[in-house]
Amino acid sequence: MGVRERKPLPPPVPPCDRLIVFGYARPESLPEALELVGAGARPLAGGTDLLVGLRKGKFTADRVVDLKAITELQPAIYETHGGWEITAGTVMSDIVDHPDVRARYPALVQAASAVGSIQIRNRATLAGNVCNASPAADTAPPLLVYDASVVVAGADGERTISLVDFFVGPGQTALLPGELVTRLVLPPPTRSAAFARLTRRRGVDLATVSVCCGVGDDGSVRFALGAAGPRPLVVEDTSGTLADPAAPEGDVSGRIGELLAVATPISDVRAGAEYRRAMLEVLAHRTLEAALAQREERR
Amino acid sequence: MTTGNVGRPAGRIGGLDRVTGRQRYVADLRLDDALHVKLVTLPCARARIVDIDTSKAWEVPGVRTIFTAADLPDPMPRYGVHYDDRPVLAVGETKFHGEPVAAVAADTLDAAQRAAALVQVQYEELPPVLDVRAALDPAAPLVVDPVLRPDDPLASTNIRREFRYAWGDVDTATADLVIENTYTFPMVTHFAIEPHGFVVAADESGVTVWSSIQHPYILQRVMARVLGLPLSRVRVIAPDPGGAFGGKGYPKFEPLLAYMAMATGRPCRLVLTLEETFQAVRRNNAEVRIRTGFDSDGTIRFQDIEADFLMGAYVDISARVISKSSHLAAGPYRVPNARILARALHSHTPPSTAMRGFGTPQFSWALEQQMDEAARRLDMDRLEIRLRNLARKGEEFIPGDTPADGDWFESVRRAADAIGWGEPLPDGRGRGLAVGIKSSATAGAAYSILRFLYDGSVFVLVGTSDMGQGARTILTQIVSDELGVPPEAVNVVMGDTAAAPFDYSTSASRSTVFMGGSVMRGCAELKDQVREMAARLRGCEPEEIEIDRGVVTFPGGEQKGIVEVVQEGLGAVGGELIAVGLMRGEADPNHPIGGRPWFYEFNCTAVELEVDRRTGEVLIHKHVTVADVGKAINPQHVESQDEGAAIMGLGHTLMEHLVLDEHGRIVNLGALDYRIPTTKDMPLELESIIVENGDGPGPHGAKGVGEGGLLCVAAAVASAVTDATGVVIRDLPLTPERIWRAINEVTPSEVSP
Amino acid sequence: MTPQTMNITLVVNGQHHSLDVAVHHSLLDVLRNDLDLTGTKECCAEGECGACTVRMDEKAVNACLVLAVEADGRDITTIEGLATEDHLSPVQQAFLEEGAVQCGFCIPGMVMSAAYLLEHNDAPTEEEIREALSGNLCRCAGYKRIVRAVQRAAEAGR
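Protein chains in written order, with the numbering used here: chain A, 1 to 299; chain B, 1 to 753; chain C, 1 to 158.
It should be emphasised that the hints constitute simulated quantities derived from the structure, not laboratory data.
Since this is a predicted model, take the numbers as computed values, not measurements.
In this text, a Cβ means the ideal position worked out from N, Cα and C, and glycines have one as well.
Just so you know, not all the hints are guaranteed correct.
Unchecked claim - From the structure, some residues in chain B lie toward chain C, with a derived Cβ separation under 8 Å:
id: 1; residue: Arg18
id: 2; residue: Gly21
id: 3; residue: Arg164
id: 4; residue: Ala166
id: 5; residue: Ile193
id: 6; residue: Gly243
id: 7; residue: Gly468
id: 8; residue: Gly644
id: 9; residue: Asn668
id: 10; residue: Leu672
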């Protein structure tokens, strides 16, 4: 599959109901893929965000580069130096089914299970969910709680970016032109974590808000919030109050309220800002309770 | 007569094709020389069309024609159900988001799409009328040019029609308690899983239309009229629709495609995207102001109801929706004094049409909540107040009209029993119960042709549509029983106006009664013919011959099978027997809604649910729906339809509404942001109960089914939510956010759904 | 600019096909238009409704969200491939017996998802069934009989 001669980008396609893509490449090597991406091709993994966005005119694509034949990116979840790595080609259903991920990073499994339907989870990649960088991305909160990083490959080699720095804004990441995420890295788990989301209906839905809470072995409590601002938000309590199951309810509520004050949820077709704000608090309480219970179980 | 196939859950005819993927819907049909059509629309509701430049679009290879208003006759041909109001293409001004200003036909769908995207429209956005308030404002722009409403005293308003009904005297009626409230019902859309599809071919001999239409004969009539063709030159072929719910009843883009087919000499095919279906069909949204007077014992003294419905720019069938439903606005109750005013308003919104329930869900939403409020204020049980006021069987609850035709008390009691009404409730839970009623057809005609062939197999030619409700199956059951032939020998042919005779429509839950009745009569005529034949062979009188379930009994007791007799009668030359069945109900011009309803569809719905006060989420533990059906020709079908109706009702109750922005654009266009119930939104327990008292006008005492299960779901759920939380909500849908706001008395500072 | 075309090979319901496809056409487009396998349906075109559910290399996926070129070399099963010459699959049979079929438009996708569930879980709870089918929308049935059909098929398989 050679690279076709470059053609000028077409004029912006008005929102239409048919997907228009003009070129497609399916390289087998990462360097080849990086070159194509560098030349302006859009990476295609699961396609569950890209193809929908192309159809609606949210994105335009002169050419797409299919990442699924690249050796380095083949779906895999494996242990290294005590931590775990998830390659860019790994799909949500792989993550949900993986016994080690289930045991060590249960909040990630909760979030991955909530992404779409089984048909979507069989295609949608974790890396793709992260790179799409929706403020409401389901997997972002647990990845942030678990201190995940992304490993990014470019023409000059690899670099590692902490996930908290990777999300820049709605739909924007720290990826530079010509770069691709090759894998996510999860350090050994130091937190008991739980994830919850609120949706408009019980069935498959985008999150109105989502929260992941991780209670650390060191007594710190971290919340990562989805749909609470332009990018997933991380707040942390090091006072020890929240990690103390015997703390008075008033203190806990007060502390959570303080932490969540930085959230700036918007009103949109899915929900109003006040409701989102209130639900962030409700979910923070619930995930804290679940995380504390998980910590207990582990002892 | 003992039942054979009737009354049993006979397997669905067409089921096998559906589970194997062999069933061909309109979009699956292959016409090799068909052109693919794409519509060009504007990103706002109302705009003055300044100029349309198609030059770049024409450069796309494979484009065969591009139509704008300029390519159509002048004056613009218009069509509609009762008014010829809808232009084939927008002319001068668009009236709703999604109204096409141009259409492209090309060899491939890709070419059509590319070309459509290259059509340059210069337009000037104009202020749209988008809600009831604006539509009633005398200073608002007129949606419909008064020139198109000659002799209409309301032509200089956005009010298309006003419907008034009254009996007794509301103004002098006294009451111990008067409750007055305003309720709103949102815009929702049908969201059949099959989007609408159309193919039109035209040549010297006439026009052939393939459409997902529910009512082939109405489409035929409209096409003939707008194109100026004789009916006999318009053939409508209607493959079984993939769900319709009223949204595929009336013509949409078939006339446009006909013009394009005539211009190109090739069939033109348009299959809508799901988004385009939202822009094409929806339910009438409504604002209902209702003032109800009660005695201190809960007896209704009067109902004073004023309702405004927003139709969109074109009437379609909506005037009928509003006139018919408002006639029943006071519900299935004894109401000594009533005054009802319903207005059908124009707006620059997507056009409304019929939708399951035909206007009655909007009224039931208001009416049933009034009953609940009265119960609260009078410290009465909500079941009790309904039992106190429900019309008794045989009573003219609308003076001069069809009396209550069922033991509605039975339905209500069975629902109450099934939900455990009165039993203690766990914390956080509530129960609700509501009733709903809808009139069936008031007039109509269903013709059927039965052809009894030489070997005893039977063709049944009917214009009814089988869109999932199982019409084909129940007609097979009826014919099989009446003629004593096995179901496999019965071939029901539907969906082709060249083959099947006139059926008014497949709507109003009328088919079991009308077409079932028609087919019964056709069978009776066939049996008469067989009697004549047998009498001739035996030299006796036809009256002396008995035929029952395929067995012919001669005087003296000799018996023969019906097929044998027919073959003997037809002899060596062979042939067939042909009978026409007819069920007609003439329109009564003196009746406020054109005739007395043939029957009522009555439903009682009861739910038990739990509300999470912190999030506003609702979990329905149990949902009971009771239908008074007269006779269930196929009990499995009845239950299936009721279950489906119940879930569809939960849709508009809990999650569905079309959201428009200030430009009149639908914001939540498509499946991503317009949510309908999934398997995870089902009640934990859903029970469908059938009441059969044989008291309907259809075969074996049947009434109709299919809409009842939806009518009062919203009110039953709201009642339960109030029971659980104390909050009263008069707008739909009851999203978690809306419930949460009500519980926390938060008024929205920013507009959000 | 016209989209590139590519030659791909697909195995669909056991049959090999070599096709020239435009790169922007979905697997759904190719199945329906190039191979006339119209059993797989188009509704929302964005992976929300499940009407286009097919099996691709053992996984249930939405064919509208797979480019045909992505399916190059893959093994696809559609609704047309479930029944044999002589009999229906247990899921299809169960759907008929339970009266789970009304208009039928959602059924191919629903059956494919149900079959996929039962291959991975031969004794699903009601909740698991609801979860597995939550990506298949139906507007006719209310889902109750569909869920019962899956239970029935599970029992038949055991």
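Evaluation of the interface hint that places Gly644 (chain B) against chain C, nearest CB under 8 Å: Nearest chain C Cβ about 4 Å off; hint holds.
Taking the closest Cβ pair, is Arg18 (chain B) under 8 Å from chain C? With a minimum Cβ separation of about 3 Å from chain C (threshold 8 Å), the hint on Arg18 (chain B) holds.
Mind checking the CB of Gly21 (chain B) against every CB in chain C and telling me if the closest is under 8 Å? holds, 2 Å
For the hint on Asn668 (chain B), just tell me whether its beta-carbon gets within less than 8 Å of chain C. Violated, because the Cβ-Cβ distance from Asn668 (chain B) to chain C comes to roughly 12 Å (cut-off 8 Å).
Given Gly468 (chain B) was flagged as interface, is its beta-carbon under 8 Å from a beta-carbon of chain C? Constraint on Gly468 (chain B) satisfied, holds at 3 Å.
With a cut-off of 8 Å, does the beta carbon of Gly243 (chain B) approach a beta carbon of chain C closely enough for the hint to hold? holds, 4 Å
Grab the minimum C-beta distance from Leu672 (chain B) to chain C and call the hint holds if it beats 8 Å, violated otherwise. It holds, given that the least Cβ distance between Leu672 (chain B) and chain C is near 6 Å, below 8 Å.
Once the shortest beta carbon distance from Arg164 (chain B) to chain C is found, is it less than 8 Å? Because about 35 Å separates Arg164 (chain B) from the closest Cβ in chain C, which is outside the 8 Å limit, the hint is violated.
Double-check Ile193 (chain B) for me: the hint is only fine if its C-beta lies closer than 8 Å to a C-beta in chain C. Holds - the Cβ of Ile193 (chain B) comes within 8 Å of chain C, reaching about 4 Å at its closest.
Status of the Ala166 (chain B) interface restraint (C-beta, 8 Å, chain C): Where the cut-off is 8 Å and the nearest Cβ of chain C is about 38 Å from Ala166 (chain B), the hint is violated.
Hints 3, 4, 9 from the earlier list are contradicted by this structure; the remaining hints agree with it.
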